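**Student:** Work out the full structure: start from the sequences and follow the hints.
In terms of my numbering, the sequence shown is residues 5 to 854.
Just so you know, these hints were derived from the structure itself, not from any lab. Quick caveat: nothing in here was measured; it's all calculated off a predicted structure. It is possible that part of the hints are untrue.
[Claimed, not checked] Distance condition first, Cα-Cα at most 25 Å in a straight line; then the derived DSS-like pairs of lysine-lysine: (1) Lys-702 <-> Lys-743; (2) Lys-331 <-> Lys-415; (3) Lys-603 <-> Lys-552.
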Amino acid sequence: MSQRQTLPVLPLRGTVMFPGITAPIAAGRPGTLRAIETALKGDRLVFAVAQRDNTEEPTADILFSTGVIARIGQVQRGLGGVQLLLQGEQRATALHYGEQDGYLTSVIVPAEEMMPLDLKDPAFTALHKEARERAAELGEKRGLPEEVVHQVLDSVEDAGRFADLVAGYIELTVPEKQGLLETLSVEERLRRVLVHVQRQIGLLEAQEDIKSQVQEELGERQREMFLREQLKAIQKELGDDDTGKEISELREKLSKLLLPKEARAEVERELGRLERAGRESMEAQVIRTYLEWIAELPWNARSDDHLELARAGEILDEDHYGLKDVKDRVLEFLAVRQLRAQQVAAEVATTGEFPVSKLKGEATDATPALGNGEEDRQITDTREAKARAMARGPILLFNGPPGVGKTSIAKSIARALGREYVRVALGGARDEADIRGHRRTYVGAMPGRIIQGMKQAGTRNPVFLLDEVDKLGQSYQGDPSSALLEVLDPAQNDSFTDHYLGVPFDLSEVLFIATSNFIQNIPGPLLDRMEVVEFSGYTEREKAEIAKTYLVPRQLEESGLSNRELSFTDDAIMKVISEYTRESGVRQLERQLGAVARKVARRVAMGDTATIDDKVISDGEVRELLGRPKVHPERAAEHDEVGISTGMYYTPMGGDSMFVEARIRRGTAPQTRADDTNVVRVGPISLILTGQLGDVMKESARAALTYATNNAEVLGIPAERVASASEAHIHVPAGAIPKDGPSAGIAIATALVSEMSNRKVRRDVSMTGEITLRGRVLPIGGVKEKVLGAHRAGIKEVIVPKANEADLEDVPEEVRRQLTFHCVETLRDVLKIALVQAPVEEAVEELVGV
Numbered sequence: 005m006s007q008r009q010t011l012p013v014l015p016l017r018g019t020v021m022f023p024g025i026t027a028p029i030a031a032g033r034p035g036t037l038r039a040i041e042t043a044l045k046g047d048r049l050v051f052a053v054a055q056r057d058n059t060e061e062p063t064a065d066i067l068f069s070t071g072v073i074a075r076i077g078q079v080q081r082g083l084g085g086v087q088l089l090l091q092g093e094q095r096a097t098a099l100h101y102g103e104q105d106g107y108l109t110s111v112i113v114p115a116e117e118m119m120p121l122d123l124k125d126p127a128f129t130a131l132h133k134e135a136r137e138r139a140a141e142l143g144e145k146r147g148l149p150e151e152v153v154h155q156v157l158d159s160v161e162d163a164g165r166f167a168d169l170v171a172g173y174i175e176l177t178v179p180e181k182q183g184l185l186e187t188l189s190v191e192e193r194l195r196r197v198l199v200h201v202q203r204q205i206g207l208l209e210a211q212e213d214i215k216s217q218v219q220e221e222l223g224e225r226q227r228e229m230f231l232r233e234q235l236k237a238i239q240k241e242l243g244d245d246d247t248g249k250e251i252s253e254l255r256e257k258l259s260k261l262l263l264p265k266e267a268r269a270e271v272e273r274e275l276g277r278l279e280r281a282g283r284e285s286m287e288a289q290v291i292r293t294y295l296e297w298i299a300e301l302p303w304n305a306r307s308d309d310h311l312e313l314a315r316a317g318e319i320l321d322e323d324h325y326g327l328k329d330v331k332d333r334v335l336e337f338l339a340v341r342q343l344r345a346q347q348v349a350a351e352v353a354t355t356g357e358f359p360v361s362k363l364k365g366e367a368t369d370a371t372p373a374l375g376n377g378e379e380d381r382q383i384t385d386t387r388e389a390k391a392r393a394m395a396r397g398p399i400l401l402f403n404g405p406p407g408v409g410k411t412s413i414a415k416s417i418a419r420a421l422g423r424e425y426v427r428v429a430l431g432g433a434r435d436e437a438d439i440r441g442h443r444r445t446y447v448g449a450m451p452g453r454i455i456q457g458m459k460q461a462g463t464r465n466p467v468f469l470l471d472e473v474d475k476l477g478q479s480y481q482g483d484p485s486s487a488l489l490e491v492l493d494p495a496q497n498d499s500f501t502d503h504y505l506g507v508p509f510d511l512s513e514v515l516f517i518a519t520s521n522f523i524q525n526i527p528g529p530l531l532d533r534m535e536v537v538e539f540s541g542y543t544e545r546e547k548a549e550i551a552k553t554y555l556v557p558r559q560l561e562e563s564g565l566s567n568r569e570l571s572f573t574d575d576a577i578m579k580v581i582s583e584y585t586r587e588s589g590v591r592q593l594e595r596q597l598g599a600v601a602r603k604v605a606r607r608v609a610m611g612d613t614a615t616i617d618d619k620v621i622s623d624g625e626v627r628e629l630l631g632r633p634k635v636h637p638e639r640a641a642e643h644d645e646v647g648i649s650t651g652m653y654y655t656p657m658g659g660d661s662m663f664v665e666a667r668i669r670r671g672t673a674p675q676t677r678a679d680d681t682n683v684v685r686v687g688p689i690s691l692i693l694t695g696q697l698g699d700v701m702k703e704s705a706r707a708a709l710t711y712a713t714n715n716a717e718v719l720g721i722p723a724e725r726v727a728s729a730s731e732a733h734i735h736v737p738a739g740a741i742p743k744d745g746p747s748a749g750i751a752i753a754t755a756l757v758s759e760m761s762n763r764k765v766r767r768d769v770s771m772t773g774e775i776t777l778r779g780r781v782l783p784i785g786g787v788k789e790k791v792l793g794a795h796r797a798g799i800k801e802v803i804v805p806k807a808n809e810a811d812l813e814d815v816p817e818e819v820r821r822q823l824t825f826h827c828v829e830t831l832r833d834v835l836k837i838a839l840v841q842a843p844v845e846e847a848v849e850e851l852v853g854v
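**Tutor:** The structure is reproduced here in structure tokens:
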């Protein structure tokens, strides 16, 4: 058995020591210096072993177990440490590492090599000879003199020592050299060394070939080009020449596009820059992304318009219930484009061309010609002519409350035309770059939403929906609504220039449609480029039909109940509409119907099939499933009362009724603060306004009080009641909700006159209209929605201004049949209808609490 011995450890960083090799070693770490000093005091032997990691302070767990017993030869000391010559003597295996006096020690045993059974075996002899010849060849290729190479190699006869000699001098990584050191079989180690030598010979030959190829191709060109071509040749030898292939494919794809002259010049310039740039450079990545955007845009592709007006009407009716006025306007919109497209297509088919200028209109001072040569071009493609003719004309703006079908109408238009549909949500966009894109000089630059939408569409003539244009913001980065002006102007959008592309892109074949909720929030210049189509809310009957036809089947299918033959009763649907939703559209209605379907699905999944067995969901089950009603709309009063009138108001969620209450205090009024904005003096009377009223409603209340006091005799108000009044209090319930607008003028005046004359207001009469100091009733807006809200509240008679009489035609026929309308011009006309003519008895007045 081999003799154990304990030696100081000499950790080696970045190298491996082999037996028979003499190598210079630099040592400077304190622990290493102590180990060397200990060895010098003894027999000068150390255990030289490689580190697994290049760590500054070596420990036992990062040292390999196999190393070399080495003898320290010449030692030269310096300020930074010592330089010593180390002679490898024999392989050894560490049985244990320890630490002593600040340096590592190891208990080792020498490792015996395994020689071949027969040294004269032909295979081993051939292997030994081949390894010597290849090692000599490698030395010569590295530039060493031939005689020196042979002298060094011939000095070692033993095959194991020869393998160690070659392994010590060839360029290998530490793990590879350590693997050779740990290979105790001489034959196996010799074979591994031969493989490494052969690999390095192949690498040197490849480098020589690359160098010769590059020199032949470049000659006297610049050094930068020499290095780049050399890199390309290296990549080619390694099989990593995908860059050239990618550029070739990109160039081929771009060559097939019919680009405008400016775009073609820019593309060629960027392709040249891409070929000169290095593969891994940031500039190359930016250029490649830009060219890919150019290649993926629809410069040539367009869909063929196949509009049939009858089919378009069928599609609109399939997708939407009601909305007759909107559908009529859309069909008119499509009819004009159909006739125009047929006319242009016929002229192209007859004459073979059609001038672009006719489709753009004559240039004026307001819309000057762009001077890019586009106006003089003749269209020869029938499909292009039809697409341009279809896109020409006003841009529709669908304006109305949420959930009434604005977005889905645009999708139906795209389906009727056979065009691609693209929707871009502009809500919250605050940066001009959202529309026009970022310039390529910025990191992470990208095109704007218009160009992104065109890429998504894949054709030049999609239906492009600009959703929520009234939600565009404005910040220090610019105004996105101003950037839309060029997009929506037919005289300019044929050369729309995105900041990222930097070249014009033709949008003249795009059919733009916009949507909004509040038209007041759209800037004037942008609104001027669009034609408004108003969407109003649905009646309860229309909502019920929509629910039965569209919403219930969809929600049952999404809940996994479509195969159960379930249905909702009419009363159940009306209960959901009236008691669980409050909106102009049907989004909340669909959510509540979905909630019912999900709860039924849960019961079915748990084995409760009572509802399924009945096949019908009733209004009682709706109450059980959805819980207490979530919406409490105003209902008509139960009795005629003094000082309480019923008004009507409109919000984006629809119309509804409200009550206006008036009370008069007689005698001495309490003191009020002078800075109280809710208290106003009107002559001797203090006017108190409560209920979160806005400035316009406050002004209506002042005008009503002034008119009532100045015309008391005509209005049937006793003089003593006016003289004794010291304070008038007007309150509109739901005090936590802000209210404003002139529409409550006649309702406030009616409540005041009722209170001052002690006459009751009819509970079944609702009213809306603005009042003047002369008692005239002026027109207001939102008549249809207000009337529908009054109808839902159980009102039987409605008072509206005479000027709004024509607006009553918008009210659905079924609602008009159930209501009586009074069109008035003065407040006296209102009072004749709304007030009960006989005054209330004083005893009753006391009960009311005047």
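**Student:** All the hints need checking, so say for each whether the structure fits it.
**Tutor:** Each hint, compared with the structure:
1. Lys-702 <-> Lys-743: Holds - the C-alpha atoms of Lys-743 and Lys-702 are around 10 Å apart, at most 25 Å.
2. Lys-331 <-> Lys-415: holds, 13 Å
3. Lys-603 <-> Lys-552: Measuring from Cα to Cα gives roughly 19 Å; hence the hint holds.
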